[in-house]
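Take the sequences, apply the hints, and build the full model.
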Amino acid sequence: MGRRAKRRRFGSMPVRTDRKSGRRYIEARYQPPVEAYSRWPSLPKRISRRFPLGFETEAEKWLNDAETSIRMGIWEPPEAAENAHRADSTTFGEYATDFVRNRRKANGEPIAVTTRQKYEQYLRDYLLPVLGNMPMAAVTPRDIQRWADSMKVGKAGEGASIKRHAWELLNAIFRQACSQPLDDEGTTLLSSNPVLLHVDRPRSDRAYGDVSMEELNTLYEAMPGRFALVIYLVGVLSLRPGEAYALQRRDVNLADDDNGGRLHVGKSAKGVMRNGHKVMTVGSTKTPGSIRDLDIPAFMVPAIRRHLDLYVDDRPDGWLFTGERSHTLVFDQSVRNAWYRARRAVPRLEERRLRLYDLRHRALTEVAKHTNSLKAVMAQGGHTQVNTAMHYQHVTESEREKILAGMEADGEAAMEHMGTVQEGHTDTAKDGDLLEALAQTLENMAPDVRVAVLRNLSLSKCSAIISMFSPDIQTETMTRLLKEATS
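Residues 1 to 487, numbered by the working numbering, are exactly what the sequence shown covers, in order.
These are calculated hints, taken from the structure and not from any lab test. Any given hint could turn out to be false.
Restraint-style ranges between C-beta atoms, simulated for each label pair [stated by the list, open to error]:
| hint | residue 1 | residue 2 | range |
| --- | --- | --- | --- |
| 1 | Ala172 | Arg480 | 34 to 40 Å |
| 2 | Lys278 | Ser150 | 25 to 31 Å |
| 3 | Pro78 | Ala172 | 47 to 53 Å |
| 4 | Glu94 | Pro52 | 26 to 32 Å |
| 5 | Asn259 | Gly108 | 41 to 47 Å |
| 6 | Gln333 | Leu481 | 53 to 59 Å |
| 7 | Gly108 | Lys155 | 40 to 46 Å |
In this text, a Cβ means the ideal position worked out from N, Cα and C, and glycines have one as well.
Laid out in structure tokens, this is it:
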């Protein structure tokens with residue numbers, strides 16, 4: 001039993017004895033203000049704090065400070081106050097390192113080891129050198145701009161991709177600091193996100209998909225025999241390279257008559273760092289939706305049979321791709337090095353620095369050309385998101401020529417119709433019918449062609465035709481005409 005506390009105007013300071021250790025201590029305690037319960041419903045009946053015997057002055061001060069804050073109407077629970085000050089004492093480096101170490105996917109699962117190692121690289125190489133020692137509360141938009149300025153992007157876009165990735169991580173770190181509750185009352189480390197600037201995603205208008213079958217065959221022939229089949233698996237069947245490396249003999253089922261077959265994609269191989277050394281591991285595919293069975297076209301069967309006979313152990317779990325010396329699961333870097341050498345056989349692709357992964361874009365672009373079903377494209381690529389599937393489809397040069405030819409045909413037809421209108425009919429009713437017919441024709445044309453035709457009309461005819469358009473087409477057309485006039 002503790003002795004009776006000296007009566008105080010505010011709070012009390014009884015001396016207690018710890019049951020486990022037997023040590024005596026001062027328990028300073030007080031009742032929170034009644035109105036605080038509306039904001040913090042889970043507040044206890046008393047707020048208390050232990051002080052060692054002999055620290056009565058410190059206990060008195062703690063109670064006096066609490067009384068003062070209550071009288072001034074600025075009182076907060078001690079835990080909330082401490083959390084509010086954490087932003088001043090926690091550095092970006094400490095918070096960011098913890099963020100990456102405990103990062104999870106949206107479904108609650110831990111992120112992949114390779115993803116975490118990539119995040120750690122972004123921190124180490126790009127973020128911590130600029131922001132690492134700064135308290136989280138001290139980081140301002142100006143500091144974020146200073147970081148952005150430190151990551152230079154070349155004229156040809158060199159460095160743009162890594163800058164975007166680092167920015168995505170940086171933004172996610174501060175977004176969590178502004179949204180993740182530190183206590184039951186919903187206190188967050190920061191109240192506002194200093195990451196106001198936006199780093200655009202690098203333009204993906206490079207012709208990823210513009211690789212002809214002849215060029216693909218050249219790349220296949222230029223690769224070392226034990227790796228050559230990767231070219232077709234990525235460039236025709238649209239596998240991710242890691243999915244190709246993880247294939248085993250049992251995943252390949254060829255038809256008895258060699259007229260095609262089926263390929264099961266259910267794993268992915270990745271390189272991870274362990275004890276300072278890189279090792280290859282086989283795990284799950286990128287998403288559950290990436291597990292799929294793909295039809296093998298007949299033309300690929302001879303290449304697959306040759307590969308199985310020459311390079312794959314005659315057992316179900318034999319890896320399709322192995323190291324030349326180790327005969328164990330191939331290192332991804334070994335295949336990439338072979339790819340860099342093989343790429344020189346196609347100077348156009350060497351100049352573009354085409355990546356092995358870009359052949360996947362080529363495969364999915366070809367799939368999209370042969371079907372109107374987006375679901376079929378998603379199934380082929382193992383995608384679960386529509387926008388991801390669209391990212392892998394690119395306009396080839398032959399398709400651009402078709403589009404241009406179509407625009408020219410539309411333009412010629414419209415110009416012929418326009419010539420009829422401009423022949424100078426005297427019948428006003430006929431002129432009106434012709435203008436209306438032209439307006440209907442132009443409304444269904446591509447915007448660029450429509451504007452090109454209107455520019456060749458007199459102002460009165462142009463105005464009359466525009467007035468016949470639907471409201472949306474009127475707005476679009478006028479916007480384009482005004483933009484051209486002011487440029």
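- prompt: Given a hinted range of 40 to 46 Å, is it respected by the beta-carbon distance of Gly108 and Lys155?
  reply: 43 Å, holds
- prompt: In this structure, is the beta-carbon distance linking Asn259 and Gly108 contained in 41 to 47 Å?
  reply: 45 Å, holds
query: Using the C-beta atoms of Pro78 and Ala172, is the stated range 47 to 53 Å upheld?
result: Because 30 Å falls outside the window, the suggested range is violated.
field: Pairwise beta carbon distance, Lys278 to Ser150, judged against the given window 25 to 31 Å
entry: 28 Å, holds
field: Outcome for the supplied range 26 to 32 Å, where the beta carbon pair is Glu94 and Pro52
entry: Roughly 29 Å apart at Cβ, these two residues keep to the hinted range, so it holds.
query: Do Gln333 and Leu481 keep their Cβ atoms within the hinted range of 53 to 59 Å?
result: At roughly 55 Å between Cβ atoms, Leu481 and Gln333 fall inside 53 to 59 Å, so the hint holds.
message: Just to be sure I understand the hint, the distance between the Cβ atoms of Ala172 and Arg480 should be within 34 to 40 Å; is that true here?
response: With Cβ atoms ~38 Å apart, the hint holds.
Of the numbered hints given earlier, the model fails hint 3 alone.
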